[in-house]
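K.L.:
Listed below are the residues making up each chain.
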Amino acid sequence: MRLNKIILSFVSALVILFSTSVASFAKVVGDKIILGAAISLTGKYSSNGVHTQNGYNMAVDRINSMGGVKVGGKTYKFDIIYYDDESNPKRAAQLAERLISQDGVEFMLGPYSSGLTKAIAPVTEKYGVPMVEANGASRSLFTKGYKYLFAVLAPANLYLDVAIETAVELNGGKPVRIAQAFEQDAFSQDVRLGILDAAERTGSKIIIDDKLPKELNDMAATLVKVKQMKPDVLVVSGHTKGALTAIRQIAEMKVDVPMLAMTHCDAAKLSKQHGKNSQYALCASQWHKSLTYKDDFFKDGMTYAADFEKEFGYDPPYQSAESSAALLVFKDAFERANSFDQKKVRDALAATNMQTFYGNIKFAPGGQNVDKPMVLFQVMCDASGSCENKVVAPLKWASAKLIHPIPKWSER
Amino acid sequence: MDFLVFQYPMITLQACLDGILLGVLFALIAYGMALQWGVMNIINIAQGDLVILGGYIAYFMYLYGIHPAWGVIVAPVIMYFVGIAIYKLVINKVVDRDLFISILATFGISILFMQLMNFAFGADVVLANSGYGTTMLFDNNVVLPNSKIFSAFISIVFAVCLVIYMKKSKLGRAIRATAQNARAAKILGVDTEKVYAATFGINAALCGVAGALISITFTIHPYMGLPYTIRSFMIVIVAGLGNLPGVAMSGMGLGVFEEFADYILGTEFRIGSVFLLLVLILVYRRFKLSRKREYLK
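Protein chains in written order, with my numbering: chain Y, 1 to 412; chain P, 1 to 297.
Bound conformation, chain Y alone:
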């Protein structure tokens, strides 16, 4: 009986602990367009939540100081109401309801992460509230037939397929052998689908296909298999945990692989945390400051990065850049719609075709941005051990030549 009680208590505690949010909005008061946003200011996404908020704030200040938004011959300024969704999808959905039905917000900005965007999208869709989001890349967001959801970023399945294509190209056009390990979450699994597509397209073979748990901090088993089976490419996606764990264990276990492609390298501050061990890792990124896209508000990536650093004291990750771009999209749509009617703004958003410092933006019927390719950068270190991310693909923006194959650990 006592043991039963212990188990019951323990299991109930675990159930509560496992049951565990983000969004944005607008209404027009006086000369202000009030946008609302639920952002993860606390909880496990709080770092990226803050990057998102900083991106939004930076764009609001810049647009307002440069003349605001002109609708019907009148000038309006942006303002955002933020709520903290505590990194919890249920809370995010509640906050979206609250923003729309209580605060009367008519236009929204997205939260951070695919999971939270997924929680909010049904709510905004129900009320017909246009939402421009910048941090939900999961493909499943764009296959549900949502009419009011627009994402400025490229969908998750495109993150790493450039890497596979590059590997095939470097292999003389012949198929490659791929080892992959992906976390079991909406985003990483979509990246995996992209790799499966790329493998099929190029005739490449997937020889290791591992799934990683959410509480991942050890992937030695996958790496032992990689050591034995010697694939041509190793692909890892598991947010910052995945990137940090992979680099640590690849270096410790001296795993030699000709190409290593990952996501979330910049968010994980790979080169800072691992230094030279992270050298040669290829990383997918939505944006890099060295890209040469231009707009009237932020000029280009380099200027954006410099201004951002002046204001917030750190180099902007792509999460901030894409969040800033979301505001530029809203401004453009309001002006073209020349109205605050939600349907007209929605139609104007759907017809968006513009260039921002972050990249070209043009929405497919599903809401994803189809006009902005992903970039791949490679971590490159100099003799003193200081490392930098250099864009290596697509070739148009490459600032360095891809180093391939990665030198063996015994030769480093």
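Keep in mind that the hints are not guaranteed to be accurate.
Derived EDC-like pairs (lysine to aspartate or glutamate); straight-line CA-CA distance at most 20 Å [claimed, not checked]:
1. Y:Lys-230 - Y:Asp-79
2. Y:Lys-408 - P:Asp-139
3. Y:Lys-214 - P:Glu-268
To be clear, the hints were calculated from the coordinates, so they are not data collected in a lab.
On the provided structure of chain Y, position chain P as indicated by the hints.
P.N.:
This is chain P only, laid out in the frame that chain Y set:
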């Protein structure tokens, strides 16, 4: 299902060694849990969070240029006092109460710790680099990161020291007496309140050591404590309270089991397999107990 692990003897050996090194570390955390469970009848859901807090101490030392290995000395000292503070503030109010109350209280502490760590240290995943290198065996077919070997070695050192301390010291004897019969110990002049506080402090210190080792070997994050709580619970359930060799064996067994489950079922079922094993063992124990009962009838 993937049986690669049995096809290559080197992979089997690798899995066993990885499992044992990992298991020793788990055993250290579980020993702390067994100790306070045995003495105070408290199941500490915040065990994993204390581990992570210990990890952050080592991480911050690393950040300020001190080698993180010193964390195994500094973290337990700080964590001992954190443990005492938690005891004085919360645990002493629930120590004689229903087990469910103590689980709720420590569950509350767990949530509080997660949020406070998130608030204080940020939600980024971090690690401390020891720069210890790698040991290669059998023509480079078996690789053991030295940080894992270091972790296992330090865990053993701490466990041995603790056993000696429990046997020889006055406080150790008082702790053991309280575990056997708190009332009798009190009558015989043992200050059980002090014993409880020290026990909770020692448990927190052990978590501190384990945390420092985890920051050197793996990664830490404010929300990563729970799997360590589950593993300790599992180890203690299997080994029983106050059975140190049992805890060590059960810890290593669990480590090896996890590694094999990882190879055979896939990494995604790693923690799931621990749960499954927990259920199986509980069912088995019940079955054994019911047979004993029949026999007695």
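K.L.:
Compare the structure with each hint and give your call.
P.N.:
Hint check:
no.	hint	result
1	Y:Lys-230 - Y:Asp-79	violated, 54 Å
2	Y:Lys-408 - P:Asp-139	holds, 16 Å
3	Y:Lys-214 - P:Glu-268	holds, 8 Å
Violated hints amount to a single one, hint 1; each of the other numbered hints is respected by the structure.
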